[in-house]
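Novice: Start from the sequences and build out the full structure, keeping to the hints where you can.
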Amino acid sequence: MSQTTTFEQPNTGTWDGGNEPFKASYGKLMMWFFLLSDAFTFAAFLTTYGLARHRHHAYEGTPEAFTFSTQWWPIPEKVFNAFPGFHGVDWPLAFVALMTMILILSSVTMVLAVEAGHRMDKNDVQKWLLWTILFGSMFLGCQAWEWTHFISGTDEGMKLANGSVIHGANLIVNQYGPPLFADLFFFITGFHGTHVFSGVVLLIMIFINTVNGVYHRRGHYEMVEKVGLYWHFVDLVWVFVFTFFYLV
Amino acid sequence: MASHAHHTDEFDETANLPKPQTAVIWKTFFILCGLTAIEFAFAFMMDAGSLRNAIFIGLTIFKAFYIVGEFMHLKHETKGLIWAVLIPTVLLVWLLVALLVEGTFYGESVFNYFK
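Which chain is which? The protein sequence lines are A and B, in order. Residue 1 is where the first sequence starts when you use our numbering, and the numbers rise one by one after that. Residue 1 is where the second sequence starts when you use our numbering, and the numbers rise one by one after that.
These are calculated hints, taken from the structure and not from any lab test. Please read these numbers as outputs of a predicted model, since none were measured by experiment. Errors might be hidden in some of the hints.
Said to hold, decoys possible - Listed next, the stretches of chain A that the computed footprint assigns to chain B, with coverage defined by at least 3 CB atoms under 8 Å from CB atoms of chain B:
(1) 20-27
(2) 44-51
(3) 93-101
Ideal placement from N, C-alpha and C gives every residue a C-beta, glycine not left out.
Specialist: Below is the structure:
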């Protein structure tokens, strides 16, 4: 017996099992790898946007003389210049700036909830989760308004060669430019908005669990961290959507 | 009361974990706001062009670094996890650039062929 034990010395290296080489739990690792796969989806969208944009002519005149036409890809700040309550006023990118601020703020309140979770401070976790839910819902509301405005269009619309005027955009006609511009707007911001919506649902679920003391009894608030990872990823995607759809 | 004692034990255990400080969180928030403000400044004070787009992409990568590093805490994870996330991302960016360059060329040749 003593001979066999000397031969079967257990391996204790980092990758020999029985420990956590990445010092992160299974759930957290799987969230990371899920987010990585999600990044592939959004990369596919941005690639499509780049190719579709290149396939169309760029506008070559001065920005002041810009008009909507299916001949060229629109300048984003001429499309996204509306603000709720200021009908017909030209405020380029102001509403998108507000939406960006709301989402960054929601990210901050999310980290604060995670930090409170580390301290096992149930009240603080609840408070910061509620703020995050509020900012997330506000972002969704803003997006709903933006979509409504984009779909219903401006008073001027786009004049066609036959004299008729198009107002707003859908998947087939688009007053702001080539139909593909509207399609990509709906798909990219819509896919991101779906992620925000799922995030808000997850946040409400963990908020209910926190209030019921589920995580306190479990001894850790790791679920808040996992949902936090997802929420920050949604913020990250918005940073890229903002740059490639609204700025470039 | 046994369960109550149990809770206090757990509380003590977690209190020993390295505690992230809110100062860092707010600092990151102001950096992100500042970078976004700079992006807006460039959007209105500079004419569109490749240089401006390069500046936008650079600032975006800076923002991504702060969100992933600080908010998602990746900076403070083990090296193995950092590489496991970073290497596929870098390959993904390569794929994206390659698809854009090759796809543009391919799209143009198809378009010119039927012209």
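Novice: For each hint, tell me whether it holds in the structure or not.
Specialist: For each hint, the structure was consulted:
1. A count of 4 residues in the region 20-27 of chain A with a Cβ less than 8 Å from any Cβ of chain B is obtained; the coverage claim is therefore met, three being the minimum.
2. Coverage of a stretch by a chain is defined here by at least three residues with a beta carbon nearer than 8 Å to that chain's beta carbons; for the region 44-51 of chain A and chain B the count is 4, and the condition holds.
3. Check result for the region 93-101 of chain A against chain B: holds, 4 residues qualifying (beta carbon to beta carbon below 8 Å, three or more required).
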